[in-house]
Amino acid sequence: MTLPDDELVAALRAGDEEAFASVVREWHAGLLRVARIFTPTRAVAEEVVQETWLRVLGALDRFEGRSSLKTWVFRILVNTAKTRAQRESRSVPFSALHDPARVPEAAVDADRFLADDHPHHPGGWESPPRELPEDRLIASETRDVIERAIEALPATQRAVISLRDVEGWSSDEVRNALDLSEVNQRVLLHRARARVRQALEDYLAPANA
Amino acid sequence: MIDTEALSCQELVELITDYLEGALDERDLRAFEGHLADCDGCTEYLEQMRTTIRLVGTLTPNDLTQAAETTLLQAFRDWNRSSS
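In the order they appear, the protein sequences are chains A and B. Counting with the numbering used here, you get residues 1 to 209 for the letters of the first sequence. Counting with the numbering used here, you get residues 210 to 293 for the letters of the second sequence.
Among these hints, one or two may not hold up.
With the C-beta cut set under 10 angstroms, the calculated list includes, among others, these residues of chain A facing chain B [to be verified]:
id, residue
1, A29
2, R42
3, R112
4, D165
Simulated crosslink set (SDA-like; lysine to any residue; CA at most 25 angstroms straight-line) [said to hold, decoys possible]:
id, chain 1, residue 1, chain 2, residue 2
5, A, K70, B, N289
6, A, K70, B, T280
7, A, K70, B, A284
8, A, K70, B, E230
For the record, the hints were derived by calculation from the structure and aren't laboratory data. Note that CB positions come from ideal geometry on N, CA and C, so glycine has one too.
Isolated chain A, as found in the complex (with noise of 0.2 angstroms):
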């Protein structure tokens, strides 16, 4: 469990090894997950989560307490990725992460549904989910596809859905963390999980089978 700030903040600058492993394992997940947005593998997401633990050790003498510990830390995180990502010139679509709705995308295939015009049931489901089989849904084989649909998601919306359902974070941590508006955390939240969705029903229970 971590302290109140204040006092793990204290806690550090004396030198509290204790202290010190209970944030860095707490932490941890979260921190790769978002580091995960700008590195192009796990092992460089584990480079910059030691590196930036080292950064926050050279710069704890002058954290102010004007945003919580943790959002500060997620803040050198997200800088020292994207120093790194620049170092190895790799394009990070950056504006991707505070603007998804320019990229329009729905949560189901426009196919599935009746056409604007249809006479009874506009916009309807024309193909519509059928029930998932409950006794595959705990298979190890099933655990294997919702794993890969999520590391097959745009980094911002793995980050995301990592951050909310596996790490079980609140929106705000979430929003904090990655400096998103409300709605935007929720678009990619939306998108990420429909996308994991729809691997489960492409997996489980095909539309056209």
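Start from chain A and add chain B according to the hints.
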């Protein structure tokens, strides 16, 4: 703002996350729930989104490797020694 009559299945599926996040206003919420009450396709879709969230929640969070932790703790000790 959504007209109850006009909320189609295609529109409803785009509101699922807003619904689950409690972000629909009262009027949209009524339209959403009214539509669900007599639409099997959308009820199944909502159920599958809930299932998706539940299953994603069973994936294992990324744990810190022992080697990485050792490196960081060593860095912390070095930092502590140099700053005190």
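Hint check results:
Nearest Cβ of chain B to the Cβ of A:A29: about 4 angstroms, under the 10 angstroms cut. The hint holds. Because the beta carbon of A:R42 sits about 8 angstroms from the nearest beta carbon in chain B, less than 10 angstroms, this interface hint is met. This hint holds: A:R112 has a C-beta 8 angstroms from the nearest C-beta of chain B, less than the 10 angstroms allowed. Given the 10 angstroms rule on beta carbons, the hint for A:D165 holds: about 4 angstroms separates it from the nearest Cβ of chain B.
Under the criterion of a C-alpha separation no larger than 25 angstroms, the hint pairing A:K70 with B:N289 is consistent with the structure, at around 20 angstroms. Distance restraint check for A:K70 and B:T280: the Cα-Cα separation of roughly 21 angstroms lies within the 25 angstroms cut-off, and the hinted pair is therefore satisfied. At most 25 angstroms may separate the alpha-carbon atoms for a hinted pair to count; A:K70 and B:A284 meet this at roughly 19 angstroms. Simply put, A:K70 and B:E230 have alpha-carbon atoms about 23 angstroms apart, close enough for the 25 angstroms limit, and the pair holds.
No hint from the list above goes unmet by this structure.
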